[in-house]
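Asker: Make the full structure from the sequences, and use the hints.
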Amino acid sequence: MLRKLNLFRQKLKLQPACPGVALHHQECRDAQDSIRLRFIRLRLGFVLLTMQPSGRGYDSGVSTFSPDGRLYQVEYARESVKRGTTTVGLKYRDGVILIVDKRISSKLVIADSIEKMYQIDDHIGITTSGLVADARQLVDRARVQCQVNRMTYGDSIAITSLVKKMCDHKQSFTQYGGARPFGTALLIAGIDDEGIHLFETDPSGAYQSYQAGAIGRGRSAVIDHFESSWKANMTQNAAIKLGLEALRESLEDDLNSDTVEIAVVNSDGYCKLDHETTLKHLAKLS
Amino acid sequence: MNDSMDVVKTGTSTIGITFDGGVVVGADHRATMGHFIANKNVQKVFKISDSVALTTAGLVGHAQSLSRTLTAELRLYELKHGTPMTVKGAATLTANILVGRPHYVQLLIVGVDDSGSSVYSIDSAGGSIPDVYCATGSGSPYMYGVLEDQFTEGMSVDEALRVAAKALLASAQRDAASGNGMDLVVITPGVGFNQLSEDEVSNLLSGI
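Line by line, the protein sequences give chains A and B. Its first residue numbered 8, the first sequence is counted upward by one per residue in the working numbering. Its first residue numbered 823, the second sequence is counted upward by one per residue in the working numbering.
None of these hints come from the bench; they were simulated from the model. Treat the hints loosely; a few may be bogus.
To be verified - For lysine-lysine, the following DSS-like pairs were computed, each having C-alpha atoms within a straight-line distance of at most 30 angstroms: (1) 171/A <-> 114/A; (2) 172/A <-> 902/B; (3) 114/A <-> 902/B; (4) 171/A <-> 902/B; (5) 910/B <-> 988/B; (6) 279/A <-> 988/B.
These numbers were taken from a predicted model, which means no experiment stands behind them.
Answerer: Below is the structure:
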């Protein structure tokens, strides 16, 4: 069994490098060129090999830079976020709205069993996009960090502190070998003494604060919509409407009332809207 | 440690009573260092979740540390499982912590869950015993006198509050390490953790 596995591994490792090299040698032999020309072709082949967008040769190790300064594993992790479900977050007058569309592939799936939106502490909510299993690890960690802060300092955690802690953790998976980066982006929404916060974190551990943002497959469509329509000091209902419109913009089908979830984070804390209220907000869309 | 004057101990009277549809939890306000009253307004009833209270007797440092840990654990449990920890769960968790690292405390874990209302008394080495009512601290013998006489099954919330207040009043009169007023809390499934205001407590006491 172990030998088989090793053989399989070797096969996998060799596969991407083999065809290119073999093809190149074949060409050389067929052409019957001079040694010098062959040498130049070989070098050209090598350069092409390393410049390929797939990052061939530099994408097997997490902590290996490519010659042009890229970390391919981190970029691949970002790809898994780009394929993830679209989730939306936007600030309004009193807090932050988070909206996700769970995008259920079959009517046999029970929508309630899919989680994309998590309460982290009284005052913090997170939505995720990308690998759900990775997200759950990060969510667990975030929840523990919040309670550790309460135990250590007797106070709820500041949103920026939590964001930095989570990003430190994600970053460590881009610098040390032996594990892969998280294939997950987070939208972290919260309210604390310093005000209302909405952060986006990506698999590299980079973070940015937004007035209105999105992660996942429909990100650019949502951002376009927000850039033209988001205003400061919206009411809660107006913000939910705008968020839903933006999310709808990014989808091919219409919004499915069973799979849309809305959460509000304001001075009362985190609150996920119940199904009935969600339906009311969906009905207001034209 | 027993005779040390250096540490603040809550000589203490705390009480937990179950009644039909909820629990009443109470404690006095006094902290002592030997014969000295170190503080006249100490918190000994801690809200560790919406439906569970912790009362503490013993070393203040150990008690406060435990209350921080338990609050965090119960909150995490609720977030992870989507449902609050049961009273039995909280008591067992506390007992496990104390078995691993004994604290100089005597605790009550009191609360409500789907199985009804319950009181658990927990000793410093992690012994956990369920009961329908319980008293802890140096004032407990005086409180038990009241409880044995006045506790009945199926009391209303007002009756239970009255018995708790009477018991705490008795220990304040006779135990040198208890007194300086009291905290009273009612926990019911609908309302959750409801601590009586100072006015409500003094109203209750004036009727006794």
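Asker: Next, verify each hint and record whether it holds.
Answerer: Consistency of the hints with the structure:
A distance of roughly 39 angstroms separates the Cα atoms of residue 171/A and residue 114/A; the hinted pair therefore is violated under the 30 angstroms criterion. Among the hinted pairs, residue 172/A with residue 902/B is consistent with the structure: their alpha-carbon atoms are about 20 angstroms apart, no more than 30 angstroms. Straight-line distance between C-alpha atoms of residue 114/A and residue 902/B comes to about 27 angstroms, which keeps the hinted pair within the 30 angstroms bound. Among the hinted pairs, residue 171/A with residue 902/B is consistent with the structure: their alpha-carbon atoms are about 22 angstroms apart, no more than 30 angstroms.
Distance hint between residue 910/B and residue 988/B is fulfilled; the C-alpha atoms sit about 27 angstroms from each other, no more than 30 angstroms. Of the supplied pair hints, the one linking residue 279/A and residue 988/B is violated, its CA atoms being roughly 43 angstroms apart against a limit of 30 angstroms.
In the structure shown, a violation is registered for the earlier hints numbered 1, 6, in ascending order.
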